[in-house]
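*Asks:* Hey, can you work out the whole structure from these sequences and the hints?
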Amino acid sequence: TQLLEQSPQFLSIQEGENLTVYCNSSSVFSSLQWYRQEPGEGPVLLVTVVTGGEVKKLKRLTFQFGDARKDSSLHITAAQPGDTGLYLCAGGYYKLSFGAGTTVTVRA
Amino acid sequence: DTGVSQNPRHKITKRGQNVTFRCDPISEHNRLYWYRQTLGQGPEFLTYFQNEAQLEKSRLLSDRFSAERPKGSFSTLEIQRTEQGDSAMYLCASSGGGIAYEQYFGPGTRLTVT
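For the record, the sequence lines run as chains A and B. Under my numbering, the residue at position 101 of the first sequence is numbered 101, and the numbers go up by one with no gaps. Under my numbering, the residue at position 43 of the second sequence is numbered 151, and the numbers go up by one with no gaps.
Derived from the structure by calculation, the hints contain no laboratory data. Treat the hints loosely; a few may be bogus.
Unchecked claim - Below, in silico cross-link-like pairs of lysine-lysine (DSS-like), each with a Cα-Cα straight-line distance of 25 Å or less:
1) A:K95 to B:K122
2) B:K179 to B:K122
3) A:K56 to A:K70
4) B:K179 to B:K165
5) B:K179 to A:K95
6) A:K70 to A:K57
*Replies:* See below:
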């Protein structure tokens with residue numbers, strides 16, 4: 001059973017557009033991690049958020065952790081085809097629980 | 109900077125055969141994890157080692173599955189009497205560096221049971 005729900009499941013946008021994906025839970029997490037995964041490869045860690053209300057920026061990616069530490073969002077500004085992939089959120093300390101992911105496709 | 113490596117990358121086997129996968133973690137990491145990922149799902153936790161001690165196993169890890177980390181370095185995951193339902197991507201991750209709980213994943217082993 002996945003404790004984390006991600007939405008939307010699929011997202012297809014044109015290059016240059018912005019997008020937001022969401023990660024929600026009924027449980028409080030001490031930290032949340034965001035990963036990007038490409039087909040046939042393992043997930044690559046993008047960021048870890050640990051403090052309620054925290055905002056982290058990684059170039060064109062902005063990550064927010066909800067005040068109650070139950071939800072998080074990932075916003076991509078001016079998406080590029082290289083941003084295409086499966087975006088996964090994961091919570092937990094040593095035993096990560098993952099959402100099912102959001103498949104993002106950025107069309108050139 | 110060497111990341112997590114896994115071998116083989118792909119394995120095709122017939123139902124009923126045994127298979128073994130290997131994971132080499134990032135050298136300074138003392139924690140090692142195994143996950144399984146099926147199509148359309150996020151990874152699911154299987155088991156976790158701290159050094160050579162296996163500290164937790166998921167109920168997903170049936171009696172046909174066994175994992176070892178004999179010297180606290182590399183780890184192996186063996187599946188005995190494989191079933192078609194075992195077809196999945198098996199992912200290994202390690203942690204223990206600057207932020208102890210951040211997990212870094214290997215490229216995975218894709219298992220296909222025919």
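*Asks:* So, for every hint listed, does it hold in this structure?
*Replies:* Evaluation of the provided hints:
1. A:K95 to B:K122: Not OK: K95 of chain A and K122 of chain B at ~31 Å, beyond 25 Å, violated.
2. B:K179 to B:K122: violated (31 Å)
3. A:K56 to A:K70: Cα-Cα ~16 Å, so holds.
4. B:K179 to B:K165: holds (19 Å)
5. B:K179 to A:K95: holds (22 Å)
6. A:K70 to A:K57: holds (19 Å)
Hint compliance for this structure: hints 1, 2 are not met, and every other hint is.
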